[in-house]
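Going down the list, the sequences are from chains A and B.
First residue of the first sequence: 489, per this note's numbering; consecutive thereafter.
First residue of the second sequence: 20, per this note's numbering; consecutive thereafter.
Simulated from the structure, these hints should not be mistaken for laboratory data.
Honestly, I wouldn't trust all of these hints.
Among the chain B residues that face chain A by a calculated CB cut under 7 Å, a handful are [unchecked claim]:
| id | residue |
| --- | --- |
| 1 | Arg-25 |
| 2 | Gly-31 |
| 3 | Asn-34 |
| 4 | Trp-36 |
| 5 | Val-45 |
| 6 | Pro-60 |
| 7 | Ser-86 |
| 8 | Thr-88 |
| 9 | His-91 |
| 10 | Ile-104 |
| 11 | Leu-131 |
| 12 | Pro-132 |
Over 12 Å on every C-beta distance to chain A, these chain B residues come out as not near it, computed from the model [said to hold, decoys possible]:
| id | residue |
| --- | --- |
| 13 | Pro-28 |
| 14 | Cys-54 |
| 15 | Lys-55 |
| 16 | Glu-72 |
| 17 | Asp-74 |
| 18 | Thr-77 |
| 19 | Ser-79 |
| 20 | Tyr-87 |
| 21 | His-92 |
| 22 | Leu-102 |
| 23 | Val-105 |
| 24 | Gly-121 |
| 25 | Glu-134 |
| 26 | Pro-147 |
Yeah, the Cβ is synthetic: ideal placement off N, Cα and C, and Gly gets one too.
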Amino acid sequence: MPTTLRNEAAIAGIGVTEFSKSSGVSELSLAAQCIKAACDDAGLDPSEVDGLVSYTLDSTDEIEVARAVGTGDLKLFSKINYGGGAAVGTILQAVMAVATGVAKHVVCWRAMNGRSGQRMGQGVSGNIVSSDLIHWSWYLPYGMLTPGSWIAMIANRYMRKYGATAEDLGRVAISQRNYAQTNKRSFFYGKPLTMEEYLASRIIAEPLRLYDFCQETDGGCAILITRRERARDLKQKPAVIRGVVQASTRGQEQMTSFYREELESLPEMELAARLVYEQSGLGPDDIDAACLYDAFTSEILMQLESFGFCGKGEGKDMVRDGALDIHGRLPNNTHGGLLSEGYIHGMNNIAEAARLIRGTSTNQPKSVHHVLVSSGVGVPTGAMVLGQD
Amino acid sequence: MSKPSRIKPALGKDNAWWWEQASQGVLAIQRCSSCKTLRHPPRPMCGACRSLEWDFVTASGKGRICSYTVLHHPQFPGYEYPLIIVLVDLEEGTRFTSQLVGCAPEDVDFDLPVEMVMHEDPDGFKLPVFKLAGAA
Ligand SMILES: [Zn+2]
Numbered sequence: 489m490p491t492t493l494r495n496e497a498a499i500a501g502i503g504v505t506e507f508s509k510s511s512g513v514s515e516l517s518l519a520a521q522c523i524k525a526a527c528d529d530a531g532l533d534p535s536e537v538d539g540l541v542s543y544t545l546d547s548t549d550e551i552e553v554a555r556a557v558g559t560g561d562l563k564l565f566s567k568i569n570y571g572g573g574a575a576v577g578t579i580l581q582a583v584m585a586v587a588t589g590v591a592k593h594v595v596c597w598r599a600m601n602g603r604s605g606q607r608m609g610q611g612v613s614g615n616i617v618s619s620d621l622i623h624w625s626w627y628l629p630y631g632m633l634t635p636g637s638w639i640a641m642i643a644n645r646y647m648r649k650y651g652a653t654a655e656d657l658g659r660v661a662i663s664q665r666n667y668a669q670t671n672k673r674s675f676f677y678g679k680p681l682t683m684e685e686y687l688a689s690r691i692i693a694e695p696l697r698l699y700d701f702c703q704e705t706d707g708g709c710a711i712l713i714t715r716r717e718r719a720r721d722l723k724q725k726p727a728v729i730r731g732v733v734q735a736s737t738r739g740q741e742q743m744t745s746f747y748r749e750e751l752e753s754l755p756e757m758e759l760a761a762r763l764v765y766e767q768s769g770l771g772p773d774d775i776d777a778a779c780l781y782d783a784f785t786s787e788i789l790m791q792l793e794s795f796g797f798c799g800k801g802e803g804k805d806m807v808r809d810g811a812l813d814i815h816g817r818l819p820n821n822t823h824g825g826l827l828s829e830g831y832i833h834g835m836n837n838i839a840e841a842a843r844l845i846r847g848t849s850t851n852q853p854k855s856v857h858h859v860l861v862s863s864g865v866g867v868p869t870g871a872m873v874l875g876q877d
Numbered sequence: 020m021s022k023p024s025r026i027k028p029a030l031g032k033d034n035a036w037w038w039e040q041a042s043q044g045v046l047a048i049q050r051c052s053s054c055k056t057l058r059h060p061p062r063p064m065c066g067a068c069r070s071l072e073w074d075f076v077t078a079s080g081k082g083r084i085c086s087y088t089v090l091h092h093p094q095f096p097g098y099e100y101p102l103i104i105v106l107v108d109l110e111e112g113t114r115f116t117s118q119l120v121g122c123a124p125e126d127v128d129f130d131l132p133v134e135m136v137m138h139e140d141p142d143g144f145k146l147p148v149f150k151l152a153g154a155a
């Protein structure tokens, strides 16, 4: 029995549906389609799937998916809380299951009519029936109802303290928009962004503008996890999971961790960094590319610091140096990310990380040995490092 | 038709007392009866000493702006835009999320001193908001 998850499991298949603003089909249909696609990608018959993991925010139950797709008997079914903070957490469930023999082939998925159905950007107004209603009640009466409003509070303080500017956020938006120009799945395919356009876009929640926000999207994305040895039998080059962790820390709230001594850093992401480097035996110098969670541009600057790619307050200097671009120190979100490809709650960033290991990104940097992926920012989160077999 | 009103807080065993104090004009801060640690938002147990016993102190209402954002979009019924949201470091040592009133968006800044005023909606709902110290 393994005593570490390091190198025990691999991503053997990735599957995506078309991304759009109006899918015209149910979220169950999107889920079934992306899961089937992930199995096809791996060359695995769906009847061999024996574990399913998703987000608590996903409207589709595992058993509905199992009947629709025709999976085998399920030995693992689990949902992870905290919105996009669940992304890598779903993979952790799968890795623990396959490493211990609980299940053999686990699919993690997120499928959402994120634009035509329930829109995350519309926040928590309306009929909330969740148990964290009391938490939100400290914010809703004041009109703080949207993810943008919560993230802006932290971003404003961070930018003021370290001198990060609107142009710095713009550099993140433009870098990822450039990547989207070769990726036909991207909402912004064929629509590059200039700094003038970025700066002229309307202010939503100061200091954040329209193009600092991700793209509400309809679509599904699934990731097939199995043991490393088993992945070698399947069709694709395995993306070996060197480390995968979840992280939540003191003073943690969902999006509104406003009561910590220091607001200009992401303690849960720093914890995720420490844990994932520890598990993988790697450090920031070993990471060649990244898919950092990017619901908002400001989150990228802060995470560069959390993961030790630069010192505190130096995220802006990295983006000014072009670090996130294809020939830069850390090509980031080479598919366009949540900002430009689409917002499938971070699952599509995991798919791109696997492509980077396979060497099949539409913006493939030279010699990628290790890729870092993170889950949602400002929420209980997680991180994963993928490597070559 | 009356104007739409703001979203009201859900009231449960752990927070209804606080809004009850607000309805009487008090900005309350929960205090552990055992180790005297102040805490906000309120919780049933003290994270420092695990005591379930608590009372509260009445905040002076004085503090400084720790951070802020000015909301422009999307615009929800029951709120006026641009809407200035502030994090206030209260002089007692806890932090409070609120609204800044009577201030132009271009005049809000970090570290400015602020004072609590109790706002009352047309429907009688009360909530603590802040104005710049010394402002009318
Ligand atoms: Zn105590």
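Evaluated hints:
1. Arg-25: holds (5 Å)
2. Gly-31: For B:Gly-31, the interface hint holds, since the closest Cβ of chain A sits about 5 Å away, which is under 7 Å.
3. Asn-34: holds (5 Å)
4. Trp-36: Check failed: Cβ of B:Trp-36 comes no nearer than 12 Å to chain A, outside 7 Å.
5. Val-45: violated (16 Å)
6. Pro-60: Check passed: Cβ of B:Pro-60 comes within 5 Å of chain A, closer than 7 Å.
7. Ser-86: Constraint on B:Ser-86 satisfied, holds at 4 Å.
8. Thr-88: holds (4 Å)
9. His-91: Nearest chain A Cβ about 5 Å off; hint holds.
10. Ile-104: Cβ of B:Ile-104 sits 5 Å from chain A, so the hint holds.
11. Leu-131: Where the cut-off is 7 Å and the nearest Cβ of chain A is about 13 Å from B:Leu-131, the hint is violated.
12. Pro-132: Given a least distance of 17 Å, the restraint on B:Pro-132 is violated.
13. Pro-28: It is violated; B:Pro-28 is separated from chain A by about 4 Å at its closest Cβ, not greater than 12 Å.
14. Cys-54: Holds: least Cβ distance 17 Å, greater than 12 Å.
15. Lys-55: holds (18 Å)
16. Glu-72: holds (20 Å)
17. Asp-74: holds (20 Å)
18. Thr-77: Label holds. Min Cβ-Cβ 18 Å, cutoff 12 Å.
19. Ser-79: For B:Ser-79, whose nearest Cβ neighbour in chain A is about 19 Å away, the distance exceeds 12 Å, so it holds.
20. Tyr-87: With a cut-off of 12 Å, B:Tyr-87 comes too close to chain A, as the shortest Cβ separation is near 6 Å.
21. His-92: With a cut-off of 12 Å, B:His-92 comes too close to chain A, as the shortest Cβ separation is near 5 Å.
22. Leu-102: Given that some Cβ of chain A is not farther than 12 Å from that of B:Leu-102, nearest at about 5 Å, it is violated.
23. Val-105: With a cut-off of 12 Å, B:Val-105 comes too close to chain A, as the shortest Cβ separation is near 9 Å.
24. Gly-121: holds (15 Å)
25. Glu-134: Nearest chain A Cβ is 17 Å from B:Glu-134, so the label holds.
26. Pro-147: violated (10 Å)
Hint compliance for this structure: hints 4, 5, 11, 12, 13, 20, 21, 22, 23 and 26 are not met, and every other hint is.
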